[in-house]
Amino acid sequence: MINQREIDRLAELAYLRLSKAELARMSRDETDVLDYVDRLKELKVDHIALVDERRRADLRPDRPIPFQDKDRLLDSFSARQGRFLKVPFVFGEQNG
Amino acid sequence: MADKPLNQLTIVEAAQGLRTGSFSSVDLTRSCLEAVDQKDDGLGSFLKVFREESVAQAEEVDRLLAAGQDLPPLAGIPLAIKDSIMIREQRCTAASRILENHVAAYDATVIEKLRQQMAVFIGKTNLDEFSMGASTENSAFQITRNPHDPDRVPGGSSGGSAAAVAAGQALASLGSDTGGSVRQPAAFCGLVGLKPSYGAVSRYGLIAFASSLDQIGPMAKRAEDARLVFRAICGRDPKDATSRERVEQPAKKIAEMKVGFPEQCFERGVSPEILSWLERSISSLKEQGAEVKSIDLPSLMYALPVYHVIAPAEASANLARYDGLRYGRMEGADSLKDIYALTRSTGFGTEVKRRIMLGTYTLSAGHYDAYYQKAQKARKFIQYDFESALKEVDAILLPTTPTVAFRLGEKADDPVAMYLSDLLTTAASLAGLPAVSVPVGREGVNPVGVQLIGRNDSEEFLLNIGSCLEQLGEQ
Chain P
1 MINQREIDRL AELAYLRLSK AELARMSRDE TDVLDYVDRL KELKVDHIAL VDERRRADLR
61 PDRPIPFQDK DRLLDSFSAR QGRFLKVPFV FGEQNG
Chain R
1 MADKPLNQLT IVEAAQGLRT GSFSSVDLTR SCLEAVDQKD DGLGSFLKVF REESVAQAEE
61 VDRLLAAGQD LPPLAGIPLA IKDSIMIREQ RCTAASRILE NHVAAYDATV IEKLRQQMAV
121 FIGKTNLDEF SMGASTENSA FQITRNPHDP DRVPGGSSGG SAAAVAAGQA LASLGSDTGG
181 SVRQPAAFCG LVGLKPSYGA VSRYGLIAFA SSLDQIGPMA KRAEDARLVF RAICGRDPKD
241 ATSRERVEQP AKKIAEMKVG FPEQCFERGV SPEILSWLER SISSLKEQGA EVKSIDLPSL
301 MYALPVYHVI APAEASANLA RYDGLRYGRM EGADSLKDIY ALTRSTGFGT EVKRRIMLGT
361 YTLSAGHYDA YYQKAQKARK FIQYDFESAL KEVDAILLPT TPTVAFRLGE KADDPVAMYL
421 SDLLTTAASL AGLPAVSVPV GREGVNPVGV QLIGRNDSEE FLLNIGSCLE QLGEQ
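Heads up: the protein sequence lines correspond to chains P and R, in order. Heads up: the first sequence is residues 1 to 96, going by this note's numbering. Heads up: the second sequence is residues 1 to 475, going by this note's numbering.
So that you can see chain R by itself, here it is in the shape it has in the complex (with noise of 0.2 Å):
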């Protein structure tokens, strides 16, 4: 740790000098400001910065240390949040120009928490429009670059928030996770991301994309920072129903653990590079005493088209609240089909607008029974495959993508092939169970996450495996 700038600390580092005096919060968050301002010019990781309210909340944290105040885990930490998170007082845009100018008028629930644990907001982090890409080129703003390669995307939609902690910005961040949005980005630029199980962490305050599969979650460094701001962020919350208190999986030592591999990973689609890395991560589990093993997970390779039925036809619900009256930007008209209209085409970008029209036209009659009725369907029959795969294994272990990062504008133009990055993603997001991308390797400069999925509940017993899987990146 002596060795270390500040800012590439982890969080446990950075808790442990806090309290030993090594040194201050204000100077954590100025060594996280001061990456901020020598590289976001060329990343991008950031909309806005919070420069005197981080320092001022640091000084905060300062003086009650100093005061032999016991403080919770995350005190004095810079966390960088996704733009789709509220924050009172602060603009909230979710990356688009239709909310360009929204300001929050309350926090989201887990920034409450944060609040309790007295984090440290260092600022809003840029993501595809409304949550909607892989890439974070779909901003209506600017674009993010890969920390570890800039002509390469970070992955998205998170990827301002995967960005900044991987270049030193923030010790963690908060993502969203719809379809795989904090575990891929997470993957590409060297981090663990984890989702949680559907119902473990409050929407409130979070710009809805798809909201049968939403889930905010935590980015960082390591597995152990990644449990603690879900430790922290977790819980029932009344102001959202579908919330839930957990009860997470007893824990068992590696070499009790069973783990299975689905044969389908091997199919189609997935580099040999990302294979050969899951079966280094393989052998490693098993040099480590856990029994690992090949399952048949059939459903797998269904979840891409189920979750592209499903999440444009709930955005396309969603995204009807922005008509220009009540919140947003509006442009002016005469009437209100045209308010309407002419509103949501100037505010709109190019993959937004192709997703309200996907779901508008899945959810139409003549096509309901033919798309979104059967993906439902399909969806339960995901639901019953993992149930039914983890009554045999502890976890499931595969790889969080199929490529490692790739370039700026490579599938721009070409949706299917965006699409297809979140190949592996998505049926955890459709089954509703936890899933954390964890950094094993890398190829060349740019790093390789495997995923680990999980029964409901079973975050912590996830980020278990994963600290096990994460040394064999540091190998």
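Looking at chain P on its own, in the form it has when it is part of the complex (with noise of 0.2 Å):
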């Protein structure tokens, strides 16, 4: 069971601010998706290991690709100040 204590911390992580009962509901329906999921503990996979499997090759050069319409993208902005993005102070508030 996910505790009221691990449900309000993950929305805080997640950035999401839910009622009592939708936080009550989310406990519930969490819980019984990972009561589902712990089927996979009779599996056996500890033998089993991860390693990324692609060749450095099969990866593209890490050089920007331009793009064309940059303007375009910069109206999907909520509000923006030229070519910049307006966002409220990251610190704090502003103190002269």
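No lab work stands behind these hints, which were simulated from the structure alone. This structure is a prediction, so every number in the text was calculated from the model and none was measured. Errors might be hidden in some of the hints.
[Said to hold, decoys possible] Some, not all, of what chain P presents toward chain R, calculated at C-beta under 8 Å: (1) M1; (2) D29; (3) L43; (4) S76.
No residue lacks a Cβ here, since even glycine has one placed at the ideal position from N, Cα and C.
Each of the two chains sits in its own frame; use the hints to bring them together as a complex.
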């Protein structure tokens, strides 16, 4: 069972503000899903190694590809100043 | 073909009719738009219909055909597109409030490719929000109903794309499949639905759900139609590093094929009606000369729990980008933290929140090894198991869904019951293998589909077997 404290913490980490009713439902639903997922415990897979099998040659060169229509992308910003995304102050209030 | 309304034609039939001048692309497109007008208030397949744009695209095709030009196979064919695939200058919502007013700044690569084919876009179709669901009841805007029985779901998450084709509102459609979202609605709506091999089709311009699983795939009335759409959209794309060129495996006659059906299908969770259609499919393939035998695939029944660790984990990371600042709606507040939280809390629906929180949980310190790492190892086990089985047989035959389409609201309050609808489709997704659902019959009015899973890059091979099986559904 995911308890109330864990659900509160998960909501905070995911930047979700949920009502008491939503939190209670979430706690019940997530517990049900995890109970189902727990059937993986019967599967013995400790011997399987997790390695990245991609070859470097398969990857494209790490070079930026300029996007042709930047203005159209910038139009998606909720607020902008010129070419910049406008957001509230990141570190506290403006203090001159 | 002569007696069929134009919107009921297959792509192959329509392409032939366009070239012989039996009808025009405008006639064909208007026939689909009429079906939208007549049926969509009740069905809810579309979130947006491109009435004028689609007729303009069709007029251009007619002009070129009249001038005697040799056009690509999909020229003038009306298609419906899932609203998680970007069409430039059109809204793309992923059926979420958080993207309610988002206008795509570019075409997805699959759309670019379909434009090169001169296909006609009828509109954008409904889906479960961010492709998370199996019934299309999780859309923030509307539900979609099954054209075969309006009290039942069309499946999901690409339910709008499936309903649109089944209702004659488009000749074929694009959906996306993360754990069954093309194949399951195809089965529920009596269509062919193809999930390509991972990397066969570019994901550029597809709104991401779980990036190691997502693939765009066609839904169509017939296997031959799905083949035409697949050929048009596949191929390596420099804008998607996971995409690659395909090398189709050599074709075989049906009499040379070995097909395996997993014993595990008969163990639990699949309804007797569906199993009886599996048995009929086995008999049909045997009658056509294929060798069909039982195989052991122990990983099959672990795929769904693995999927429900990996997909939410990837979703929680992918959906972190919806912060209200760069695109989508923003709920005003004084601090960044409040903007994030208010925007996301009001913009996401319940199922999306549930999966983000589950993903956050399984990725968090203290649970990572027990859930995420275990699931990744189990995914490897599934991949090895399928690889081994596909050395023994050319394709694996199994039901697409455990039941026929369920009733609207039947599973809405029970997430695990809803997830079980994908019991048999998630394995191919986790293994990265191609899989196709083919309609083989009906229980009452409800279509039944069976699924074929093959080796990497065996899409055409699977569609060949699909063509043999879809004849069963016509008997």
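Okay, the hints, checked on the actual structure:
no. : hint : result
1   : M1   : violated (12 Å)
2   : D29  : holds (5 Å)
3   : L43  : holds (6 Å)
4   : S76  : holds (4 Å)
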